[in-house]
Amino acid sequence: MSEKNVIVNQQLLHTILPLLKLSRFVGLCPVAYQPLHKNFSGIRWSWKIYALNFLFAVIFAFWGMWGFIKDMQLASFVSLGFTDTIDIVISTSDVTDIICTSFYFVISTPKRFKQLKIIIDNFDKIDFLIPPVRVKEISHTSTILGTCWTIFLPVLYILDLFMWGNFNWRGINSYCAYYVSYSVVIMHEMQYWQLITLTTSRILGVNTTLEEILNGKSADINKSLSAIIKSYHLIIDSINRINQCFSINASVIILSCYIHLVTSPYQLFVMITSNETSILNYVYLLWVSLQIFRLMLILEVCHNCTRESQKTRSYVVLLLVCKLDNNMKEDANTFLFVVNKKKIKFEAYGLQKIDRSLLISIADSISNYWMILLQFSRKRITV
70 MSEKNVIVNQ QLLHTILPLL KLSRFVGLCP VAYQPLHKNF SGIRWSWKIY ALNFLFAVIF
130 AFWGMWGFIK DMQLASFVSL GFTDTIDIVI STSDVTDIIC TSFYFVISTP KRFKQLKIII
190 DNFDKIDFLI PPVRVKEISH TSTILGTCWT IFLPVLYILD LFMWGNFNWR GINSYCAYYV
250 SYSVVIMHEM QYWQLITLTT SRILGVNTTL EEILNGKSAD INKSLSAIIK SYHLIIDSIN
310 RINQCFSINA SVIILSCYIH LVTSPYQLFV MITSNETSIL NYVYLLWVSL QIFRLMLILE
370 VCHNCTRESQ KTRSYVVLLL VCKLDNNMKE DANTFLFVVN KKKIKFEAYG LQKIDRSLLI
430 SIADSISNYW MILLQFSRKR ITV
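In terms of our numbering, the sequence shown is residues 70 to 452.
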C-alpha cells in the first residue's frame, strides 16, 4: 500500500478526529496523522500499527473463545436457566458472531483504507468547491457517540458480569476479550455512520448552494453551478467507494444486529423464567436496546442521506424553470440527466438497498423466530 499522505483540511480533520482517535485505540484505523500546514494535515497508513493490531486481534479471538468455553462449564450458566441444547446453540452463535466479526473488521483494514483515502480526498475537494454544512453539529454528535461508547459500554459490561455472578478475576478473565470485541464491532458501525454523515453533509452543501441560486443570492450563478456539478460527481464516486469497501461489512453488521435481536429477548425470557430470578437479569433489556440502537444507527443515516439526495433532483427541476442563459440552461439539463441516472443509494452484499424499508422485513422475520423459540421454551417448562 502507498505510504503517501492523504491531505485533509483542518476542519475536516477536526470533524473526524473524535472517532478517529477511538478507532485507532481499538485497532480499526492504523494510521498516523500530523500537521503539514496551518490549514492542512496529513493522514498516513502505518504497517507497524497494523501488524500490532493484527497480533492483538488474533490473541483476543482465541482468548474470547477460550473464555466462552470455560464459562459454559460454570454453574452460573446452568443456574440462570441455560440448560437445553437450543440455549447452548443460541449462546454460542451470540458469542462467536461478535468475536469473528470483530476479528474480520480489524484484519480487513488494509482493503478498506485503499478506498477510504480516496473518499477522504473527495471530501476535501468538495470542501474546496462548496463549504460543508453542519460541521460543528457532526463533530458534536461524533463526540457524544464516542463518549457514550466510552462510558455506557463499560457500565453495561460490569452489570453483565454481576448478572452472571462473575464479578471477580475469573469472570473478568473469561469475558474481557468478548467485551473488547463487542466494543470493536460497535466502533466500526460508528465509522460507517460517520462516513455516511459526512457524505450527507456534502449533499446538503450542494442543496444549500442550489437554494441560493433559486433565491437569487448567488453572486456568480455560472461558477456556483459548475461547483455543484463537480461536487455531485465526487459525491457519487465517494458513495460508490463506500458501497464497495463496506459491502461485506455492512451486511455483517446488519446480520449481527438481526442475530442479537433474535437471541437477546429469548435469553431474557429464559433468565426471567429460571429458578434464580434477580433484578440484574433485566440487564438484558439494555442489551436489547443496544441492538436496536445499532440497527437504527445504520439504517437511519443511510435513509437520511438518500432522502437529502432526492431534494437535489427537485431543486434542479426548479432551476430549469428559472431564467438562465443558454449555456447555464444546457449545464442544468446535463446535471438533471446525471442526477436521474446516477441515483444515490446504499447497498451491501446481499442487500440491494439499505434504508428504513429493511426494518419491516427484519421485524417480520424476527417475530417468526421468536414464536419458534418460545415454543421450545414452553415445552421445556412443561416438561
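Read the hints as simulated data drawn from the structure, not as lab findings.
Hints may contain errors.
[Claimed, not checked] Okay, the calculated beta carbon distance ranges per label pair:
#1 L420 with V158: 36 to 42 Å
#2 R382 with N237: 58 to 64 Å
#3 N237 with I348: 17 to 23 Å
#4 N108 with I227: 40 to 46 Å
#5 E399 with S320: 51 to 57 Å
#6 N291 with E369: 35 to 41 Å
[Claimed, not checked] Calculated cross-link-like contacts (lysine-lysine; reagent style DSSO-like; alpha-carbon spacing at most 30 Å):
#7 K410 with K422
#8 K414 with K380
#9 K107 with K414
#10 K205 with K107
#11 K392 with K410
#12 K286 with K180
#13 K107 with K117
#14 K205 with K414
#15 K380 with K398
#16 K292 with K410
#17 K286 with K299
#18 K183 with K117
#19 K411 with K299
#20 K422 with K286
#21 K398 with K412
#22 K205 with K139
#23 K392 with K299
#24 K194 with K380
#25 K398 with K180
#26 K286 with K412
#27 K398 with K205
#28 K398 with K292
#29 K292 with K412
For clarity, every value in this text was computed on a predicted model and none was experimentally measured.
Heads up, the beta-carbon is just placed ideally off N, CA and C, and yes, glycines get one too.
Taking the hints in turn, this is what the structure says about them:
1. Taking 36 to 42 Å as the suggested C-beta distance range, the pair L420 and V158 does not conform, at roughly 26 Å.
2. About 60 Å separates the C-beta atoms of R382 and N237, a value consistent with the hinted range of 58 to 64 Å.
3. The hint said 17 to 23 Å for the Cβ distance between N237 and I348, and at roughly 20 Å that hint holds.
4. A C-beta distance of roughly 44 Å is found between N108 and I227, which places it inside the suggested range of 40 to 46 Å.
5. Evaluation of the 51 to 57 Å hint for E399 and S320 yields a failure: the beta carbon distance comes to about 41 Å.
6. Between N291 and E369 the beta carbons are some 37 Å apart, a value that agrees with the proposed interval 35 to 41 Å.
7. With a C-alpha separation of about 17 Å, the suggested pairing of K410 with K422 holds against the 30 Å cut-off.
8. For the hint pairing K414 with K380, the CA-to-CA distance comes to about 14 Å; that is within 30 Å, so the pair holds.
9. The straight-line distance between the Cα atoms of K107 and K414 is roughly 36 Å, outside the 30 Å bound, and the hint therefore fails.
10. Restraint check: the Cα-Cα separation between K205 and K107 comes to about 19 Å, which is no more than 30 Å; the hinted pair holds.
11. As the CA atoms of K392 and K410 are separated by approximately 25 Å, the hinted pair is consistent with the 30 Å bound.
12. Our distance criterion of 30 Å between C-alpha atoms is broken by K286 and K180, whose separation comes to about 44 Å.
13. Distance restraint check for K107 and K117: the Cα-Cα separation of roughly 27 Å lies within the 30 Å cut-off, and the hinted pair is therefore satisfied.
14. Our distance criterion of 30 Å between C-alpha atoms is met by K205 and K414, whose separation comes to about 25 Å.
15. Between K380 and K398 the CA atoms are separated by roughly 19 Å; this keeps the pair inside 30 Å, and the hint holds.
16. At most 30 Å may separate the alpha-carbon atoms for a hinted pair to count; K292 and K410 meet this at roughly 23 Å.
17. A hinted pair counts as satisfied when its Cα atoms are at most 30 Å apart, and K286 with K299 qualifies at roughly 20 Å.
18. Between K183 and K117, the direct Cα distance comes to roughly 17 Å. Compliance with the 30 Å bound is thereby established for this hinted pair.
19. Between the alpha carbons of K411 and K299 the distance comes to roughly 14 Å, so the proposed pair stays at or under 30 Å and holds.
20. This hinted pair does not check out: K422 and K286 have alpha carbons roughly 36 Å apart, beyond 30 Å.
21. Under the criterion of a C-alpha separation no larger than 30 Å, the hint pairing K398 with K412 is consistent with the structure, at around 21 Å.
22. Pair hint K205 plus K139 does not hold up; C-alpha atoms about 47 Å apart against a cutoff of 30 Å.
23. The hinted pair formed by K392 and K299 meets the criterion: a straight-line CA distance of about 22 Å does not exceed 30 Å.
24. Between the alpha carbons of K194 and K380 the distance comes to roughly 22 Å, so the proposed pair stays at or under 30 Å and holds.
25. Taking the CA atoms of K398 and K180, the gap is about 42 Å. The hint is violated against a cut of 30 Å.
26. For a cut-off of 30 Å, the pair hint linking K286 to K412 stands: about 27 Å separates their Cα positions.
27. Taking the CA atoms of K398 and K205, the gap is about 35 Å. The hint is violated against a cut of 30 Å.
28. Taken as a hint, the K398 and K292 pair is honoured in the structure, with Cα atoms around 13 Å apart against an allowance of 30 Å.
29. A threshold of 30 Å between alpha carbons decides the hint, and for K292 with K412 the separation of about 24 Å falls inside it, so the pair holds.
Of the numbered hints listed earlier, those contradicted by the structure are 1, 5, 9, 12, 20, 22, 25, 27.
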